[in-house]
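Peer 1: Each chain is listed here by its residues.
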Amino acid sequence: MSSDNQDTETHSEQMDETQESQDTNSNPVRTEEAKLKAKYPSLGQKPGGSDFLMKRLQKGQKYFDSGDYNMAKAKMKNKQLPAATGPDKNIVTGDHIPTPQDLPQRKSSLVTSKLAG
Amino acid sequence: LTAGGGGNDVQWCFSQVKGAIDDDVAEADIISTVEFNHSGELLATGDKGGRVVIFQQETENKSQPQCRSEYNVYSTFQSHEPEFDYLKSLEIEEKINKIRWLPQKNAAQFLLSTNDKTIKLWKISERDKRPEGYNLKEEDGRYRDAATITTLRVPVFRPMDLMVEASPRRVFANGHTYHINSISVNSDNETYLSADDLRINMWHLEITDRSFNIVDIKPANMEELTEVITAAEFHPHQCNTFVYSSSKGTIRLCDMRASALCDKHSKLFEEPEDPSNRSFFSEIISSISDVKFSHNGRYMMTRDYLSVKIWDLNMENRPVETYQVHEYLRSKLCSLYENDCIFDKFECCWNGNDSVVMTGSYNNFFRMLDRSQQRDVTLEASRESCKPRQVLKPRRVCAGGKRKKDEISVDSLDFNKKILHTAWHPQENIIAVATTNNLYIFQEKVN
Numbered sequence: 001m002s003s004d005n006q007d008t009e010t011h012s013e014q015m016d017e018t019q020e021s022q023d024t025n026s027n028p029v030r031t032e033e034a035k036l037k038a039k040y041p042s043l044g045q046k047p048g049g050s051d052f053l054m055k056r057l058q059k060g061q062k063y064f065d066s067g068d069y070n071m072a073k074a075k076m077k078n079k080q081l082p083a084a085t086g087p088d089k090n091i092v093t094g095d096h097i098p099t100p101q102d103l104p105q106r107k108s109s110l111v112t113s114k115l116a117g
Numbered sequence: 001l002t003a004g005g006g007g008n009d010v011q012w013c014f015s016q017v018k019g020a021i022d023d024d025v026a027e028a029d030i031i032s033t034v035e036f037n038h039s040g041e042l043l044a045t046g047d048k049g050g051r052v053v054i055f056q057q058e059t060e061n062k063s064q065p066q067c068r069s070e071y072n073v074y075s076t077f078q079s080h081e082p083e084f085d086y087l088k089s090l091e092i093e094e095k096i097n098k099i100r101w102l103p104q105k106n107a108a109q110f111l112l113s114t115n116d117k118t119i120k121l122w123k124i125s126e127r128d129k130r131p132e133g134y135n136l137k138e139e140d141g142r143y144r145d146a147a148t149i150t151t152l153r154v155p156v157f158r159p160m161d162l163m164v165e166a167s168p169r170r171v172f173a174n175g176h177t178y179h180i181n182s183i184s185v186n187s188d189n190e191t192y193l194s195a196d197d198l199r200i201n202m203w204h205l206e207i208t209d210r211s212f213n214i215v216d217i218k219p220a221n222m223e224e225l226t227e228v229i230t231a232a233e234f235h236p237h238q239c240n241t242f243v244y245s246s247s248k249g250t251i252r253l254c255d256m257r258a259s260a261l262c263d264k265h266s267k268l269f270e271e272p273e274d275p276s277n278r279s280f281f282s283e284i285i286s287s288i289s290d291v292k293f294s295h296n297g298r299y300m301m302t303r304d305y306l307s308v309k310i311w312d313l314n315m316e317n318r319p320v321e322t323y324q325v326h327e328y329l330r331s332k333l334c335s336l337y338e339n340d341c342i343f344d345k346f347e348c349c350w351n352g353n354d355s356v357v358m359t360g361s362y363n364n365f366f367r368m369l370d371r372s373q374q375r376d377v378t379l380e381a382s383r384e385s386c387k388p389r390q391v392l393k394p395r396r397v398c399a400g401g402k403r404k405k406d407e408i409s410v411d412s413l414d415f416n417k418k419i420l421h422t423a424w425h426p427q428e429n430i431i432a433v434a435t436t437n438n439l440y441i442f443q444e445k446v447n
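First to last, the sequence lines map onto chains A and B.
Counted from 1, the first sequence has number 41 at position 41 by full-length UniProt numbering; the numbering is strictly sequential.
Counted from 1, the second sequence has number 336 at position 336 by full-length UniProt numbering; the numbering is strictly sequential.
Because the hints were derived from the structure by calculation, they are not lab data.
Any given hint could be a false lead.
From the derived model, a few chain A residues whose C-beta atoms are all more than 10 Å from chain B [to be verified]:
#1 E33
#2 P41
#3 G67
#4 Y69
#5 K75
Listed next, the in silico EDC-like pairs over lysine to aspartate or glutamate satisfying Cα-Cα at most 20 Å (straight line) [said to hold, decoys possible]:
#6 B/K248 x A/D51
#7 A/K55 x B/D188
#8 A/K62 x B/E81
#9 A/K55 x B/D85
#10 A/K39 x B/D340
#11 A/K59 x B/D85
#12 B/K120 x B/D188
#13 B/K120 x B/D209
#14 A/K59 x B/E227
#15 A/K37 x B/E283
#16 B/K402 x B/E384
#17 A/K62 x B/E93
Distance ranges between label pairs, derived from CB positions [as the list claims (entries may be wrong)]:
#18 A/M54 x B/L261: 39 to 45 Å
#19 B/A399 x A/Q61: 36 to 42 Å
#20 A/S66 x B/E273: 48 to 54 Å
#21 A/K75 x B/C398: 55 to 61 Å
#22 B/H204 x A/Q61: 27 to 33 Å
#23 B/R278 x A/S66: 46 to 52 Å
#24 B/F343 x A/N27: 20 to 26 Å
#25 A/K55 x B/L261: 23 to 29 Å
#26 A/K75 x B/E273: 52 to 58 Å
#27 A/S66 x B/S259: 43 to 49 Å
#28 A/S42 x B/Q390: 47 to 53 Å
#29 A/V111 x B/T226: 38 to 44 Å
#30 A/Q61 x B/T436: 24 to 30 Å
#31 A/T112 x B/V171: 21 to 27 Å
Values in this document were obtained by computation on a predicted structure and should not be read as measured data.
Note that the Cβ used here is the ideal one computed from N, Cα and C, for glycine as well.
For reference, chain A alone in the conformation it holds in the complex (with noise of 0.2 Å):
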């Protein structure tokens, strides 16, 4: 069954990918899969398709903690509060506490669609 192949990867299934990528015949997606699981080896060992759903549905959920605020601003006095960067930088857990130079700012809703222009 080709689920087994999945789970490892050997140095032979490498040797394999590298012919089916020359080899326009065969199943793409096989490949495509291949490249996925060598890059990220720890995707889809979670069941069901639960972290990308549940990332859809804390879409914009924002995570404030006044206490751990307050803490780390004065622990760190003179310096500045780690600030979100790349990526990451809705997903609001962890190190990360955000601080109000991070929000976005509030978007002028008084201009005119350019469609309309």
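Use these hints to put chain B onto chain A, whose structure you have.
Peer 2: Just chain B now, kept in the frame of chain A:
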């Protein structure tokens, strides 16, 4: 009635393009929904900035049929504003997810627009007369000194420049815990449904403080969550019937006469998957991003990441037709997963007589799939093809191997140029195609 083919019989020409030319696109200008009204006279767009722009078709000059009717701005207003729910610590985007028109009952037009949490009913009305000749006020509104009034006159209505006003008539708030993906007006013209990731509610257009929950797929334990609702629509004629699609590629048809809570479906539409094709991507690409009933109510169309399927409502075990939209993307799934494009939600639409369907793709390409002639064509919405009445040339993508002249290779496709939203005039061969921040209107070539 000009609706005929629409696939390869019809040649499509550029008619108009709306929006800014510059490449620097502000987030607010990203078009998020496009919808013709029931007569096709009005075309509404919604954007990420919460704004609605309505275009109106000029009345055609019948004696000069080659003078094509154009769509010009009719009304524009701010429908939704960004909000913050302090209780739940939740940021609520003002992006308009869907607009649906109500059938016209009187002089005014009504539409429903929704963001993630709140649905609003807007009334769009015209004012072309104003009262003049008040006794107590000057024409500019200032009050007259009562002592100077010596005669009485009857105010009269005089014509004025047309003014189109949009006013919010109902606000349907607090009905959804999760994010609204669909709204659909019922054929009874009294109710409508709104669907979020886990629930579907039915509202009465007159009542804002109550709604009925008709579908609830939230599991008792959220750890057991395996599927979400992706789209929902009422049947065009049967007011008791609606469908909803899921992230697992299934469509459920429900009959509200069967029970108050329609958790148990009347029909389940699902195409069995070939187990040897199963991969990490299977479920993601099977997720249905849009479901639309045909105008005649006998079929429904679903859009998943790579294909469009036509289902006969009487046959649950497989679609009657399947069309590949961009099969060449199969060899790109890894990078499409990494850049999140695999989660893009493409919509689809029927032409007026259900003979042709249309859906968008990448690189500002869109696809016309002719059901009656079993032919398909790929066209492009581009500023390069914007001369008046310029006929659109078919586009071809080369999946691999030698690239022919005029073909574009898969690796050259711009995945940031997505056509997610398209609309087809209900009667004529006029289509509205939204690129990221521009709205293109194409019409059938008239000889």
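Peer 1: A separate judgement is required for each hint: does it hold in the structure or not?
Peer 2: Evaluation of the provided hints:
no.	hint	result
1	E33	violated (5 Å)
2	P41	holds (12 Å)
3	G67	holds (15 Å)
4	Y69	holds (14 Å)
5	K75	holds (24 Å)
6	B/K248 x A/D51	holds (14 Å)
7	A/K55 x B/D188	violated (37 Å)
8	A/K62 x B/E81	holds (18 Å)
9	A/K55 x B/D85	holds (18 Å)
10	A/K39 x B/D340	holds (15 Å)
11	A/K59 x B/D85	holds (13 Å)
12	B/K120 x B/D188	holds (19 Å)
13	B/K120 x B/D209	holds (13 Å)
14	A/K59 x B/E227	holds (16 Å)
15	A/K37 x B/E283	holds (16 Å)
16	B/K402 x B/E384	violated (25 Å)
17	A/K62 x B/E93	holds (13 Å)
18	A/M54 x B/L261: 39 to 45 Å	violated (25 Å)
19	B/A399 x A/Q61: 36 to 42 Å	holds (40 Å)
20	A/S66 x B/E273: 48 to 54 Å	holds (49 Å)
21	A/K75 x B/C398: 55 to 61 Å	holds (59 Å)
22	B/H204 x A/Q61: 27 to 33 Å	holds (31 Å)
23	B/R278 x A/S66: 46 to 52 Å	holds (48 Å)
24	B/F343 x A/N27: 20 to 26 Å	holds (22 Å)
25	A/K55 x B/L261: 23 to 29 Å	holds (28 Å)
26	A/K75 x B/E273: 52 to 58 Å	holds (54 Å)
27	A/S66 x B/S259: 43 to 49 Å	holds (47 Å)
28	A/S42 x B/Q390: 47 to 53 Å	holds (51 Å)
29	A/V111 x B/T226: 38 to 44 Å	holds (42 Å)
30	A/Q61 x B/T436: 24 to 30 Å	holds (26 Å)
31	A/T112 x B/V171: 21 to 27 Å	holds (22 Å)
In summary, the numbered hints that this structure violates are 1, 7, 16 and 18.
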